[in-house]
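*Asks:* For the sequence shown, full-length UniProt numbering gives the first residue as 1, with consecutive numbering after it.
Note that these hints are calculated values from the structure, not bench results.
Any given hint could turn out to be false.
Derived DSS-like pairs (lysine-lysine); straight-line CA-CA distance at most 25 angstroms [to be verified]:
1. Lys52 / Lys41
2. Lys41 / Lys63
3. Lys5 / Lys44
4. Lys51 / Lys24
5. Lys67 / Lys36
6. Lys38 / Lys24
7. Lys25 / Lys63
8. Lys8 / Lys41
9. Lys67 / Lys51
10. Lys44 / Lys24
11. Lys24 / Lys52
12. Lys22 / Lys52
13. Lys5 / Lys34
14. Lys24 / Lys36
15. Lys63 / Lys51
16. Lys34 / Lys67
17. Lys38 / Lys8
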Amino acid sequence: MPPTKQRKVFIAYLIDRVLVTKNKKQIYGTQFSKGKPKLIKNIKYLDLRRKKMNLEPFTVYQKHMKKVSKFF
1 MPPTKQRKVF
11 IAYLIDRVLV
21 TKNKKQIYGT
31 QFSKGKPKLI
41 KNIKYLDLRR
51 KKMNLEPFTV
61 YQKHMKKVSK
71 FF
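Assemble the whole structure, with the sequences as input and the hints as a guide.
*Replies:* Here it is in structure tokens:
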């Protein structure tokens, strides 16, 4: 992935992390706890926002997070 595209991904994760830390709803759905996503703002448009930040569709990411959460 080119650096600019990778940068967008990191920015999305950072924004969500900061929002969740402040007990606010995340925007890109990157933050999970025990296999479940933390609260997400306006979920209807989630995949549109994720696409703009070069993130995979939420359902794909959610399946991955459920698998890896078994180790945490």
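*Asks:* Compare the structure with each hint and give your call.
*Replies:* Outcome of the hint check:
no.	hint	result
1	Lys52 / Lys41	holds, 16 angstroms
2	Lys41 / Lys63	holds, 20 angstroms
3	Lys5 / Lys44	holds, 24 angstroms
4	Lys51 / Lys24	holds, 22 angstroms
5	Lys67 / Lys36	holds, 11 angstroms
6	Lys38 / Lys24	holds, 9 angstroms
7	Lys25 / Lys63	holds, 20 angstroms
8	Lys8 / Lys41	holds, 19 angstroms
9	Lys67 / Lys51	holds, 22 angstroms
10	Lys44 / Lys24	holds, 17 angstroms
11	Lys24 / Lys52	holds, 21 angstroms
12	Lys22 / Lys52	holds, 24 angstroms
13	Lys5 / Lys34	violated, 28 angstroms
14	Lys24 / Lys36	holds, 16 angstroms
15	Lys63 / Lys51	holds, 17 angstroms
16	Lys34 / Lys67	holds, 10 angstroms
17	Lys38 / Lys8	holds, 20 angstroms
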